[in-house]
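**Q** Single-letter residue listing:
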Amino acid sequence: MGLQSLFHRHPTFEHGIYPVEHKELTADKPIRRLSFAPELVIPLAQHKGAPAVPLVKVGQEVVRGEPIARAEGFVSVPMHAPATGIISAIERVPTAEGPKAPAIRLKVYEAASQQVLYDFERDLEVMTPDSIISAVQDAGLVGLGGAAFPSHVKMRPPEGRTIHTVIVNGCECEPYLTCDHRIMLEQTDALFRGIRLAMKATGAQRAIIGVEDNKLDAVAHLRKYLAGEAARDPSAASVITAQAVETKYPQGAEKMLISSLLGKEVPMGGLPADLGVAVYNVGTLAQMGDLLPKGRGLIERVVTVSGPAVEHPGNFMVPIGTPVRFLLEQVGLADDVGEVILGGPMMGMAVASLDVPVTKAVSGVVALRQEDPDLHQRKVYPCIKCGECLKACPISLNPSMLGELAQARQYPRMAEEFNLDQCFECGCCAYVCPSNIPLTQYFRIAKSINRDLANG
Amino acid sequence: MPAKPIEIRTSPHLKRAMSVDRIMRSVVIALLPICAFSIYQFGLSALLLILTTTAVAMATEWLFARLSGQGNTLTDWSVVITGILLALTLPPGFPLWMAAVAAFVGVALGKALFGGLGFNVMNAALVGRAFVQAAFPVAITTWTPAFAPGRFTEVIPSTLTMPFMQPVPVADWIAGLQLDAWSGATPLALQKFQQIEPPVTEVFTGMIAGSAGETSALLILLCGLWLAFKRVLDWRIPVAVMAGAALTALPFWLLDSSANPSPGFVLFTGGLMLGAWFMASDLVGSPVTVSGMVIYGVFIGALTVIIRLFGGLVEGVMYAILLANAAAPLISSWTQPKVYGAVKQSRKVK
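Top line first, the protein sequences correspond to chains W and Y. Under UniProt numbering, the letters of the first sequence match residues 1 to 456, in that order. Under UniProt numbering, the letters of the second sequence match residues 1 to 350, in that order.
If you're looking for bench data, these hints aren't it; they were derived computationally from the structure. Note that the structure is predicted; figures quoted are calculated from it, not measured. Check before you lean on any hint, since a few could be wrong.
[Said to hold, decoys possible] Here are the simulated DSS-like pairs of lysine-lysine, each with C-alpha atoms no more than 27 angstroms apart in a straight line:
hint	chain 1	residue 1	chain 2	residue 2
1	Y	338	W	447
2	W	447	W	379
3	W	379	Y	338
4	W	391	Y	230
5	W	255	Y	15
[To be verified] What the simulated footprint calls covered on chain Y by chain W, stretch by stretch (three residues with Cβ under 8 angstroms from a Cβ of chain W suffice, anywhere in the stretch; the number is not a length):
hint	stretch
6	10–23
7	311–319
A virtual CB, placed ideally from N, CA and C, is assigned to each residue, including glycine.
In isolation and in its complexed conformation, chain W is listed as follows:
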């Protein structure tokens, strides 16, 4: 690895790790659809910001694509019915995050054609930046890479900042996940339409698509598409470029990808907008490019279902609200499943119950077997000051010191002197730690205690 990074051709960020990718399980599996689950569960808070407010009543019939909840303020998005059916309940349901949260339950009509009837045509050419921003909000779009931050909010930079570059995140650095890879290969038209919409809305002059170099086929595909476009319209050439970056976790983290592509660091406590940059996931932009011209809302997303405990892994277009249990039944789940993770294995969340639904933020469902060595309880040794965590931390924190402070319960000092709040819980430190110290978990606890202290 040392030699490899020394001679590496593709730009990258400092530190990080090289976990086994396991992407071969699903990388060449085209996106397919499964049948509808008998009941969908649509939480009202699937995004960062204020939860949506229901527009429907129990017993009301809805058609696929119809708005069922409205946005509450600017930092919020509406919800749309992912299937034609009847609202069976509006109640608190278990979520992957743990606490129960309000959600709309929708009984799916089995005999319905499930056509999206609720749409209208929109002329993209005449749209102004403001109309794009409100259309993006109306479509219920959020960051589909896992952050679930409302997409339209990032289109309006803070006062005094202008966006000159849209960075399109096609890194997909989490092991197992391949949905973004497939989207780049299969939904190329929609992706470029989305990129142009994002550029127009933000006023950016250029866009860079960053793709990890384990997906060079996608880079070649995107470049070929761009070359074809440039041949038809020379004025459009070179505004959008596709750039391979090193395959290294967490390349897909916003800050890391900005460093890799632009060689600049987002100032501490600042936003990418401070550098004139807005970052969007390829899945988000492909949905934007698909939904906006049709005047539709976000009702489904691509999910990679993979892992050793999955019998038929693949990439699937899954209606929002599909219970994880139903999804896993469709692909076949081994009896000795040990852990089911929503998202990727590095930052994803293990679920306590398979009855939680796939939400807008769920990019993957990874099921590991019980005998998986990663699931075995390991002996925790004292910190031996090897410094591996410092060499892994992409933010250049000192996890070794932070871990010792956490053990001494000096939580405020962790934030004041050692920049705990910069940690985005990527898990690199815990991944490399030879003493098996649960560093990431310590930092999560420390942050939440500091939050409680700050709130009195």
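We have chain W already, so just place chain Y on it with the hints.
**A** Just chain Y, lined up with the frame of chain W:
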């Protein structure tokens, strides 16, 4: 569908297959060829020395771990390294009871008292050696020839000294071996006191007298490189030690090459190689930051040469590493990494 309730853990759900016991076991494996060469060179005495220090170090660790309620800490293998390393730094004919004292003091004072693995400030093996250096100054500077005839069937007479007794002088025994050109001095002592510099090739391969496991620079280098390749140790530390030593020796050698050792000689003699690759690189005693590791290594290398040139001792690696161990936490705090996106260092006022 699962019959058993599914388990939940927090992210990350993946873990690199590297653990403390694996790291320590790799170091033990890397030390075995050096032990083998030592036994080949010095015979039964070296074997007994290695077995004694390792056994006593393990027994001491077991005892203190029990007393402090830590359970069995032998499974992390770190104390085995301490025991073997200690033996390798001692003269081959060192009395076994003294070696046992060194192992006990090293583990008890150097490690257990601080709280065991991860909490010790200094390298435990060197703490033990420093103790016997002060306690038994004659025995620890009594060298016996390498490749003595009959070394596999009989021990060096001083090895089996009765506990709490002074060792018998080995001069008569050495004379009885009828070796030609045996001066009773190690290359370092020859150079320091008589300005005779043995050829670098000879000291590099280790066909010389010296401590049980410090003679073959070549073998130590190979074993150390294997560990660096396996990413068990950070190559920056040994390289910095060697660079620090060579660069410090260079100007003195250029000024007066008849009185001062050449950089090559400095690198390949005494404990420098073993110290650089197996003791300075000790994870616990070295700084955690990358730039700190380099500063620490250069400090060890430079200090070793300064002690060798200007001190009363012929060898300086041990004290150089112990001093650098003590300075490591300070070096770490001086070299805190620059956090991503930090605009400028602003000191928070409490």
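**Q** Give a verdict on every hint.
**A** Results for each hint:
1. 338(Y) - 447(W): With Cα atoms ~21 angstroms apart, residue 338(Y) and residue 447(W) stay inside 27 angstroms; holds.
2. 447(W) - 379(W): Within the cut-off at roughly 25 angstroms; holds.
3. 379(W) - 338(Y): Roughly 32 angstroms between the alpha carbons, so the hint for residue 379(W) and residue 338(Y) is violated.
4. 391(W) - 230(Y): holds, 16 angstroms
5. 255(W) - 15(Y): Answer holds: residue 255(W) to residue 15(Y) is near 23 angstroms, not above 27 angstroms.
6. 10–23: With 14 residues in contact (Cβ-Cβ under 8 angstroms with chain W), the coverage given for the stretch 10–23 of chain Y holds.
7. 311–319: violated (count 0)
When the structure is compared with the earlier hints, violations turn up for hints 3 and 7 and for no others.
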